[in-house]
Amino acid sequence: MIQINQKEQEKAYVHEQFTRNFKELQLLGQGLMKDHETGKLNAKKLEKSAKSINRCARTLKPILALGDLGEEQDFDKEIGTSVEFDSSIRKLGTLIWDFAHNPALKSSKVFNTKLAARAHSDLLTIIELSKVLGDRAKTYPGSSVTTQK
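Numbering-wise (numbering that gives the first Met the number 0), the sequence shown opens with residue 0 and increments by one.
Keep in mind that a hint or two might mislead.
[Claimed, not checked] No farther apart than 25 Å at their CA atoms in a straight line, the calculated lysine to any residue pairs in the SDA-like style are these:
(1) LYS90 / GLU127
(2) LYS137 / LYS105
(3) LYS76 / GLU36
(4) LYS90 / ALA116
(5) LYS22 / ALA115
(6) LYS130 / GLU36
(7) LYS33 / GLU77
(8) LYS33 / ASP97
(9) LYS105 / LYS44
(10) LYS10 / LYS44
(11) LYS6 / LYS33
(12) LYS6 / ASN20
(13) LYS43 / ILE62
(14) LYS90 / ILE62
(15) LYS60 / TRP96
(16) LYS113 / ILE126
(17) LYS43 / ARG54
(18) LYS76 / GLU15
(19) LYS50 / PHE74
(20) LYS43 / ARG135
[As the list claims (entries may be wrong)] Here are the computed distance ranges between Cβ atoms for each label pair:
(21) THR93 / PRO140: 18 to 24 Å
(22) PHE74 / LYS113: 20 to 26 Å
(23) TRP96 / ASP73: 17 to 23 Å
(24) TYR12 / PRO102: 24 to 30 Å
(25) GLN5 / LYS76: 40 to 46 Å
(26) THR112 / LYS47: 19 to 25 Å
(27) PHE74 / GLU23: 29 to 35 Å
Hints were generated in silico from the structure; no laboratory data involved.
Positions of the beta carbon are idealized from the N, C-alpha and C atoms, including for glycine.
Working from the sequences, and respecting the hints, build out all of it.
See the structure below:
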């Protein structure tokens, strides 16, 4: 029997954690946007989705080990109206999509500092915006804003 050393096991575990959380983050973001755009999103679903997105993003942060390459993007933390929720939910969906499709996360052959900084910035903003949305979800008035396509 071939024995895998501890370092290889740890590497495999970290890779599995990254893959699982990276995929789950994308699926949660897509589900949140779909529910929002179809009017099926309610306060409870928003809170659950935002907290799950936050958990996945926080798990990815140390795995990516991007250091302090990027900073959190500015966004309105005072979310209370339908328009503010709509804008914030759409921003979160866009951030998740941009993060998931960042070329810096697709290839380990070439390290592009600018792309890595963008990935780090997106991830920090996903973490903070999902926390704010999760905290404010109980006041979510529902999808009364006309969806934009």
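For each hint, the structure was consulted:
no. : hint                       : result
1   : LYS90 / GLU127             : holds (12 Å)
2   : LYS137 / LYS105            : violated (36 Å)
3   : LYS76 / GLU36              : holds (21 Å)
4   : LYS90 / ALA116             : holds (18 Å)
5   : LYS22 / ALA115             : holds (19 Å)
6   : LYS130 / GLU36             : holds (21 Å)
7   : LYS33 / GLU77              : holds (23 Å)
8   : LYS33 / ASP97              : holds (17 Å)
9   : LYS105 / LYS44             : violated (30 Å)
10  : LYS10 / LYS44              : violated (34 Å)
11  : LYS6 / LYS33               : violated (40 Å)
12  : LYS6 / ASN20               : holds (21 Å)
13  : LYS43 / ILE62              : violated (29 Å)
14  : LYS90 / ILE62              : holds (24 Å)
15  : LYS60 / TRP96              : holds (16 Å)
16  : LYS113 / ILE126            : holds (20 Å)
17  : LYS43 / ARG54              : holds (17 Å)
18  : LYS76 / GLU15              : violated (33 Å)
19  : LYS50 / PHE74              : holds (18 Å)
20  : LYS43 / ARG135             : holds (11 Å)
21  : THR93 / PRO140: 18 to 24 Å : holds (21 Å)
22  : PHE74 / LYS113: 20 to 26 Å : holds (21 Å)
23  : TRP96 / ASP73: 17 to 23 Å  : holds (19 Å)
24  : TYR12 / PRO102: 24 to 30 Å : holds (25 Å)
25  : GLN5 / LYS76: 40 to 46 Å   : holds (43 Å)
26  : THR112 / LYS47: 19 to 25 Å : violated (36 Å)
27  : PHE74 / GLU23: 29 to 35 Å  : violated (23 Å)
Of the hints listed earlier, those the structure fails to meet are numbers 2, 9, 10, 11, 13, 18, 26 and 27, in rising order.
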